[in-house]
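Asks: These protein sequence lines are chains A and B, in that order.
The first sequence lines up with residues 1 to 255 when you count with my numbering.
The second sequence lines up with residues 1 to 312 when you count with my numbering.
Note that these hints are calculated values from the structure, not bench results.
Note that the structure is a prediction, hence the values are computed from the model and not measured.
Virtual Cβ for every residue (Gly too), placed ideally from N, Cα, C.
Some hints here could point you the wrong way.
For the chain A half of the interface with chain B, some residues (derived, Cβ under 7 Å), not all of them [to be verified]:
#	residue
1	33
2	213
3	216
4	219
5	222
6	223
7	231
8	232
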Amino acid sequence: MTKASVSPTCYLFTFEADPEFPTPRSGQFVNVAVSDDLTLRRPFSIAGIPAPGRFDLLVEMRGKGTRALAEKPIGSAVGVMGPLGNEFTLPEPGDVSLLVAGGIGTAGLRLLAQELRLGGHRIRTLVGARTSEGLLHHVLPSQAGDEEPSLEVATDDGSEGFHGTVTGLLKRALGEPDAPARVYCCGPPAMIAAVAGIAAKAGVPCEALLEEMMACGVGACRGCVVATRSGYKAVCSDGPVFDTSELVLEELVRA
Amino acid sequence: MPDLTTRIGNLTMRSPVMLASGTVGYGPEYEGIIDFGVTGAIVTKTITLKLREGNAPPRLVETHGGLLNAIGLENVGLERFLAEKLREAARLGVPVVASVAGTSPEEFGQLAAAVGERDEVAAIELNISCPNVERPRNPVWSDPAAVTEIVSAARAATSKTLSLKLSPNTSDILSVAEAAERAGADALTVANTLPGMRIDIKRRRPALGNTTGGLSGAALMPVNLALVWKVAGHVSIPVIGSGGLADTGDALEFLAAGAAAVQVGTALFANPAAPAEIVKGLETYMEENNLASMDELIGMAREERRICTETT
Ligand SMILES: Cc1cc2nc3c(=O)[nH]c(=O)nc-3n(C[C@H](O)[C@H](O)[C@H](O)COP(=O)(O)OP(=O)(O)OC[C@H]3O[C@@H](n4cnc5c(N)ncnc54)[C@H](O)[C@@H]3O)c2cc1C
Ligand SMILES: Cc1cc2nc3c(=O)[nH]c(=O)nc-3n(C[C@H](O)[C@H](O)[C@H](O)COP(=O)(O)O)c2cc1C
Ligand code: FES
Chain A
1 MTKASVSPTC
11 YLFTFEADPE
21 FPTPRSGQFV
31 NVAVSDDLTL
41 RRPFSIAGIP
51 APGRFDLLVE
61 MRGKGTRALA
71 EKPIGSAVGV
81 MGPLGNEFTL
91 PEPGDVSLLV
101 AGGIGTAGLR
111 LLAQELRLGG
121 HRIRTLVGAR
131 TSEGLLHHVL
141 PSQAGDEEPS
151 LEVATDDGSE
161 GFHGTVTGLL
171 KRALGEPDAP
181 ARVYCCGPPA
191 MIAAVAGIAA
201 KAGVPCEALL
211 EEMMACGVGA
221 CRGCVVATRS
231 GYKAVCSDGP
241 VFDTSELVLE
251 ELVRA
Chain B
1 MPDLTTRIGN
11 LTMRSPVMLA
21 SGTVGYGPEY
31 EGIIDFGVTG
41 AIVTKTITLK
51 LREGNAPPRL
61 VETHGGLLNA
71 IGLENVGLER
81 FLAEKLREAA
91 RLGVPVVASV
101 AGTSPEEFGQ
111 LAAAVGERDE
121 VAAIELNISC
131 PNVERPRNPV
141 WSDPAAVTEI
151 VSAARAATSK
161 TLSLKLSPNT
171 SDILSVAEAA
181 ERAGADALTV
191 ANTLPGMRID
201 IKRRRPALGN
211 TTGGLSGAAL
221 MPVNLALVWK
231 VAGHVSIPVI
241 GSGGLADTGD
251 ALEFLAAGAA
261 AVQVGTALFA
271 NPAAPAEIVK
281 GLETYMEENN
291 LASMDELIGM
301 AREERRICTE
311 TT
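I would like the entire structure built from these sequences, with the hints used as guidance.
Replies: This is the structure we're talking about:
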């Protein structure tokens, strides 16, 4: 395990996987034993494959578990279960995909961005955060050589890019010619609900990568559910990627 | 090679290490992750007559040395359990204990009859102790009369081995244990989770959707260990220990207190290899201490047992 600081609160970790660790697909996550003192593992999206047999995690310091992971010495062996969960649905060839990330949600879309670029798909990316310090667009695969301005950023406080939420950018992007045929999003629940609403209005299919507290990570404990139109679904085993038209958006955002 | 074979009623297990209800789903969820080959039995998620959607999320919150859960008995219901889940579980090659919960003695009887007639079911655990479903003021788990009715109804419905799962949330567990034994229970599982809560200060709301949940994990271990000690000294049917077991040391403590078998639950989440490690650890302990069978291990910390070994 190696790590690099990518923002005041985030690290990019790179792990050397065991030989039997299957190649992860975009959307999948790992459940990580971050500390012997904690009862639960912590789930993190696989945020990139820098080389065969390796994978990245992009982790925001949020509490005890994430700090424990960051405090591990470089080279430590870390218990990792995975890859777990389902995958994003990849777009039709030729379609433009729109990736919408809020804050650490960038982690959930980074491997997708890599896969889409490798596959020759056209992508546009919208990245938002509260302040410029929280923006993580610089860890996304290089935008160099793109003919069109394919990356836009927004900050709530206007310290960088568009002054406002990323959904403001989304409305504009969906209204433009050559509009995206698919939306992928990851970020705070309120952002996902807003993005889903806008995509639905525009009639564009949209997938979201969701976060929920987890214990088993494999669908056994039923601890990580999200409300869908066909009842509660487990984020760990039915997700973490959901078609947003399946979600009960009013229940996604917690009072 | 020490013999870890464990018998609870008609249930014969390769080892005393079982997997606790609600933490392994129906089994196949953990295929390829948990080594079922060494575990004594799987206890399935608790089944109810009708399927249950469970509680509104969040359903989990971690706490110091433990976990609070408020799943609300989400399960597929009896019909789908019998049609699908049971077959899938049986494929794993480990005895399946079906956990069931009814809302009346009649329902317990119905459930016990339905799962009891299936060959795939090695034993039945009656769950009267889930803290996450609505109950009247006088919860059944602390009411010996209600327990008598429930166990009697299940006993009349099946000849399969029956274990009643007790709650630690009662001031008089011995009366409940006694009632269960008299009504024909073959074993007692001691015990389920304790009620607790956390508050999410950022949202200024209870952290769990259900407000309160059941405390499991290391923090629960000494509480349930004390109950095993108490109950095992009082009844003559076997006691199965549950609560915060994470390693061989914990398992040995439960067995030494008088448990005939143990269940691993919450510890699986951090370490799915825990059951296999505990089985290995028990073997090593028995070898090092010249113990040939489980009988020599069970209750080895109890006074009556110590007197017995000293005088023979
Ligand atoms: C499928 C999935 C993918 C994820 N991917 C990433 C990722 O790529 N990068 C990243 O930084 N984080 C990701 N998360 C969130 C990450 O799991 C939590 O930030 C982490 O568990 C917090 O642990 P902690 O001990 O530091 O915080 P704690 O001390 O446990 O809690 C601090 C705060 O974080 C919240 N929290 C705790 N666990 C979770 C959780 N599982 N999901 C959401 N909020 C939580 C708590 O409600 C609390 O407010 C993902 C979560 C899921 C379910
Ligand atoms: C997520 C979760 C779900 C549970 N579901 C059930 C259940 O459906 N039926 C039951 O009898 N016990 C249930 N339990 C209780 C466990 O079986 C066990 O008795 C308890 O958690 C204490 O043991 P542990 O600390 O080893 O987990 C559940 C526990 C957890 C953590
Ligand atoms: S974390 Fe256990 S079901 Fe999802």
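Asks: Determine for every hint whether it applies to the structure shown.
Replies: So, going through the hints one by one against the coordinates:
Contact between residue 33(A) and chain B, as hinted, is supported at the beta carbon level, the nearest pair being about 6 Å apart and thus within 7 Å. For residue 213(A), the interface hint holds, the least distance from its beta-carbon to any beta-carbon of chain B being 4 Å, beneath 7 Å. Annotation: residue 216(A) was flagged as interfacial toward chain B, and the flag holds, the nearest CB pair being 6 Å apart, inside 7 Å. Hint on residue 219(A) holds. Least Cβ distance to chain B is approximately 5 Å, under the 7 Å limit.
Annotation: residue 222(A) was flagged as interfacial toward chain B, and the flag holds, the nearest CB pair being 4 Å apart, inside 7 Å. For residue 223(A), the interface hint holds, the least distance from its beta-carbon to any beta-carbon of chain B being 4 Å, beneath 7 Å. Annotation: interface hint on residue 231(A) holds; nearest CB of chain B at approximately 6 Å, less than 7 Å. A cut of 7 Å between beta carbons decides the hint on residue 232(A): the least distance to chain B is about 6 Å, and the hint holds.
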